[in-house]
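Student: If you want the building blocks of each chain, they are given just below.
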Amino acid sequence: MSSNGNSGRALPRAGRALPWALVTPALGWTLLFFVLPFIAMGFSSLTAHEGGGFTLSNYSQFFTNPSYWQAMVNSLQVTAIVTVVSVLLAYPFAWILAEQVPERWQRLALMLAVLPFWTSYVVRSYSWLLVLAQNGVINRALTGSGLMTEPLQLANTRFATVTGFVHFFVMLLTLTIFANLKQLSPSYRKAAADLGAGPVRTFLHVVLPLTLPGIMVGAFLTFVLCIGDYITPQILGGNNELLMPQLVMMQIGRRGDFPLASALSIILMAVVTIAYLACARWLKIERA
Amino acid sequence: MRWFVRTASWAYALAVYGFIFLPVVVLVLFSLQATSFPIPPFTGPSLRWYDAVLSDVRLTSALVNSLMVAVLSSATAVTLGFLSAWGFARFVLPGSGLLRGLITLPLTVSYLIIGMGLLVLFNWAGVPKSLLAAGIGHVVINLPLCFAIIYSQMGDHQINIERAARDLGAPEWKVLLLITVPVLAPAIFAGFFLSMTFSWDEFVISFLLTRFETTLPVEIWNLLRSGLNPKTNAVGSLVFAVSIVLVVLFELTLLRRRKP
Chain A
1 MSSNGNSGRA
11 LPRAGRALPW
21 ALVTPALGWT
31 LLFFVLPFIA
41 MGFSSLTAHE
51 GGGFTLSNYS
61 QFFTNPSYWQ
71 AMVNSLQVTA
81 IVTVVSVLLA
91 YPFAWILAEQ
101 VPERWQRLAL
111 MLAVLPFWTS
121 YVVRSYSWLL
131 VLAQNGVINR
141 ALTGSGLMTE
151 PLQLANTRFA
161 TVTGFVHFFV
171 MLLTLTIFAN
181 LKQLSPSYRK
191 AAADLGAGPV
201 RTFLHVVLPL
211 TLPGIMVGAF
221 LTFVLCIGDY
231 ITPQILGGNN
241 ELLMPQLVMM
251 QIGRRGDFPL
261 ASALSIILMA
271 VVTIAYLACA
281 RWLKIERA
Chain B
1001 MRWFVRTASW
1011 AYALAVYGFI
1021 FLPVVVLVLF
1031 SLQATSFPIP
1041 PFTGPSLRWY
1051 DAVLSDVRLT
1061 SALVNSLMVA
1071 VLSSATAVTL
1081 GFLSAWGFAR
1091 FVLPGSGLLR
1101 GLITLPLTVS
1111 YLIIGMGLLV
1121 LFNWAGVPKS
1131 LLAAGIGHVV
1141 INLPLCFAII
1151 YSQMGDHQIN
1161 IERAARDLGA
1171 PEWKVLLLIT
1181 VPVLAPAIFA
1191 GFFLSMTFSW
1201 DEFVISFLLT
1211 RFETTLPVEI
1221 WNLLRSGLNP
1231 KTNAVGSLVF
1241 AVSIVLVVLF
1251 ELTLLRRRKP
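Keeping their order, the protein sequence lines are chains A and B. If you read the first sequence in the numbering used here, its first letter stands for residue 1, the second for the next number, and so on. If you read the second sequence in the numbering used here, its first letter stands for residue 1001, the second for the next number, and so on.
Please note that a few of the clues may not be correct.
Example chain A residues on the side facing chain B (calculated, C-beta under 8 Å, incomplete) [unchecked claim]:
1) W29
2) P37
3) A80
4) Y230
5) I231
The hints are simulated quantities; they were obtained by calculation from the structure and are not laboratory data. Because the structure is a prediction, the values reported are computed rather than measured. Glycine is no exception: its CB is placed at the ideal position from the N, C-alpha and C atoms.
In isolation and in its complexed conformation, chain B is listed as follows (with noise of 0.2 Å):
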C-alpha cells in the first residue's frame, strides 16, 4: 500500500510538472530555432532571434518603458500602501474595517474593469492615453496588495520599540523614518518587488491606456499578429529572465525576514 501511494504519487508529480514545463520549454527552445519558424523539428541552435528583438527599436524602447512604469508605479504603490497600513496598525480610526476594505476592494475586480473605468474617466476629464495613465492603473492594482503585505507583518510586537522611541524624545517623523521602516523594510521589499512584477507583466490597462509609447506587453501583443514568429519566442524567454530575476529578489527579501 505504502509502496503503491509513494510510486503513484511520484507518476503524478511527475505528469503535473510536465504539463507545467512543457509550454516554458517550447517557448526557449524554439528560440533558439535557426529557421524562420518556430515549430517542430527542432533545426537550432542559433541566437540571431534574440539579435532580432535586441535590435529591434520598438521592442527595447517598450522595454524601457515597462521597467520605467513598473518602478514608478511600484514605488508608488509601496508608499502609499506602506502609510495607509501604519495609519491603520498603529491608531483607531473611525469605520477603519470599512475603509481598509475600501483600499483592498480593488483585489476583486479583475483588470479589465478597472482599465475599462480608468478609460471612460479619462476620456470624459480629457487626460489623453499615456505611459502616465497606464502607471496610474497599476498602482491601483498594486496599492491594494502593497497594504495587504504590510499590513499583515504589522505585529504588535512592534509598537514597544516605536513607544520606546517617542518616550526618548522622537518626533512622529523620526520614529517612521528610524523605526518602522527599517524594521518592516522586508515586508516593503516584498511589497515592491512584487508589484514590479505584476506592473512589468501587465497588458490590458497599459493596452486600454497608452497609444505611441507602449509597454513590453502590449508590443508583444502587436508581435503576435504577424502569427508564429521566434522572435516572439525570444522576447518571451527574455522577459522570463528578468521576471526570474524579479522573483529572487521578491524571495530574498522575504527569506531574511524569516530568519532574523
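Isolated chain A, as found in the complex (with noise of 0.2 Å):
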C-alpha cells in the first residue's frame, strides 16, 4: 500500500532508481539528438565560413543583407495569409459537420475531409501543379471552355504557395475545430436559446469563445508548419521570391555554408518560439 500519503501515485517498493530507469531513456535521446544537435548549430552560428574563428557576421549579415531580411518579411506574410485564410475556410467547414450534417455520417464526412493529408506531402504539392501549370487542369479548362484566350500564370507565384499550404492546413484545422465543437455541450446552447438569444447572437457570445482554443492551437500548429516548411514553397513557388527555409536550403546545397544556414535556422526558429509564448496559455497537453 502507499504509505506516503501522496495519492497513491508514488511507490514504495519501487525505490528512486526505477522511475528514473523508465524516464531516462527518452530524455537521453531528446538531450543527445535534439537539445545538444540546437547548441551545436548554436556555436556553428558563430563561427566564419572560412576559417573558423568567432564572429557575429552570420547574424548581422540577416540584418544587413536586404535579401536575407525579404525573405523572413515573405514568410512571414505568406505564413499569415496562409493562417487566416485556413482557419476563415475551415470554421464553417468544421462547423457544417458538426452541425448539419447527421450524426451517424459525421465520422465519414471527417474521415473524408482529411483523406488526401495522407497523401505523400512531395507529392502533394507536386498535385497542385498539375492542377495550376500552364498546361494544367485549370488553365486548360478555362481556355478549353472559352473563358480565357491566354493562359493564367498560376505555378510558380505566391499565389500558388499559398493554395498548396491553405490545402494542407484546411484539413488540420477541420480536424481541431470540428473536435472542439463536438466537445461543447448542447446545454450551452439551449441555455442561450432559452435566454433570448437568436442562432447569431449564441454563435457570437457562446460558441464562438468556447471554440477559440481549439481555433488558436490549430492556428499555432499552421504557423509552426508553414514557416518552417520547405517543400511546398519550393516546389510551387520557384524561385521568384525566397522564402526562409528555402534560403537556409540555400546554404547548404549551393554554398555549403553551415554557419550561416545555422544562424538562419535558428533565427527562424526565434520567430516560432516568439509565437509560442505569445499563445502558451492554450497550447497545454493534459492528462485525461
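The two chains are supplied separately, each in an independent frame; assemble them into the complex guided by the hints.
Tutor: Pasting the structure below:
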C-alpha cells in the first residue's frame, strides 16, 4: 500500500532508481539528438564559414542583407495569409460537419475531409502543380471553355504557394475545430436560447469564444508548420521569391555554408518561439 | 431561413470537398495516363507507369528503405515514449513538469531545423550521412508524439490494476509487461502507426541526412527534377495507398479502445 499519502502515485517498493530508469532513455535521446544538435548549431552560427574563429557576421548579415531580410518578410506574410485564410475556410466547414451533417455520417464525412492528408507531402505539392501549371487542369478548363484566350500564370507564384499550404491546413484545422465543436455541451446553446439569444448571437457570444482555444491551437500549428516548410514553396512558388526555409537550404545545398544556415535556422526558431510564447496558455498537453 | 442555411451549407461543404480532393483526383487520374504527359486531355487508361515504377530499382529500393526506417524508428520512438509516459504518470519525479516539457519540445520545432541541427552535429562528430542518421532524426520527431498520445491515455483507473498485481507479488517488470502494456495496447499501436505515417512521408530530415541510400520521398523529389511525369503520379498514388492502409490500422486501433 502507498504509505506516504501521495494520492497513491508514489510506489514505495519501487525505490528511486526505477522511475529514472524509465524516463532516462527518452530524456537522453532528446538531450543527445535534439538539445545537443541545437547547441552545436548555436556554436556553428557563431563561426566564420572560411577558417573558423568566432564572429557575429552571420547574424549581422541577416539584418544588413536586404535579400535575407526580405525572405523573412515573405515568410511571415505567406504564413499570416495562410493561417487566416485556412481558419476562415475551415471554421464554417467544421461547423457544417458538426452541426448540419447527421450524426451517423459525421465520422465518414470527417474521414473523407482529411483523406488527402495522407498522400505523400512531396507528391501533394506536385499534384497542385498539375492543377495550376501553364497547361494544367485549370488553364485547360479556362481556355477550353473559351473563358480565357491566354493561360493564366498560376504556378511559380505566391498564389500557388498559398494554395498548396491552405489545402494542407484546411484539413488540419477542420480536424481541430471539429473536435472542439463536438466537445461543446449542447446545454450551453439551450441556455443561450432560453435566455432569448438568436442563433447569430448564440454563435458570436457562446460558441465562438468557447471554441477559441481549438482555433488557437490549430492556428499555432499552422504557423509553425507553415513557416518552417521547404517543400511547398520550393515546388509551387518556384524561385521568384524566397522564403526562409528555401534560403536555409540554399546555404547548405549550393554554398555549403553551414554557419550561415545555422544562424538563419536559429533566427527562424526564435520567431516560432515568440509565437509560442504569445499563445502558450492555449497550448497545454493535459492528461485525461 | 432554415432552408437557406441548409442549402448554403451543402454548397459550401461541396466546394471545400472539391478543393480538398482536386489535386488527389488529378494525381490518380493522370497516373493512369497512356501518353507521356500528365496533363489534359486524358488519354488513358493504362497501367504502364505503374509498371515503370515497379521495375525501377532506385524507386523500389527507396521504398524498402522507407518502410525499414519507418518501422524501426517508430518502434524505438514508441518504446521510449511508452516507458517515459509510464514513469511520469506513475511516479513523482522532481521537476517532472519541466522534464515532460523537454520531451515534447521537439513538437514545436520545424523538421528543417531538427534536420539542420543533426546535420551540424553529425558533421562535427564525423558521423557519415546514412539511413541510420535519418532514422535517428525520425525518432526525435516522433518520440514527443508517442509520448503525448500514450501519456494522455494513462488514466488513474489503471493504477488500481497495477497495484493489485503488485499486492499479489508481481515484480515491476511483470506489472509492466503483463498489465500495463496490454491495457495500453491501443494507445501504443496508435502511437506506432501514426509515427509510421510521419516517418514514411518525412522528406527534409532524410534529404539532409542521407546520401547514397535514401528514402522514397527523397527519390520522388529527384524524380520531380525531370518535370511533370506520369511516373511521379504513379509512385505518388502508390504512396497514397500505403498511407491509407496505415491510417486505417491507426483508426482501427483507436476505435477498438473507444468501445470497450
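Student: State for each hint whether it applies.
Tutor: So, going through the hints one by one against the coordinates:
At its closest, the beta carbon of W29 of chain A sits 6 Å from a beta carbon of chain B; the interface hint therefore holds under the 8 Å criterion. Because the smallest distance between the Cβ of P37 of chain A and any Cβ of chain B comes to about 3 Å, under 8 Å, the interface hint for this residue holds. For A80 of chain A, the suggested interface contact is broken, since its CB lies about 17 Å from the closest CB of chain B, more than 8 Å. Given hint, Y230 of chain A at the interface with chain B, holds; its Cβ is 6 Å from that chain's nearest Cβ, closer than 8 Å.
Because the closest C-beta pair between I231 of chain A and chain B is about 6 Å apart, less than 8 Å, the hint holds.
Of the hints listed earlier, the one the structure fails to meet is number 3.
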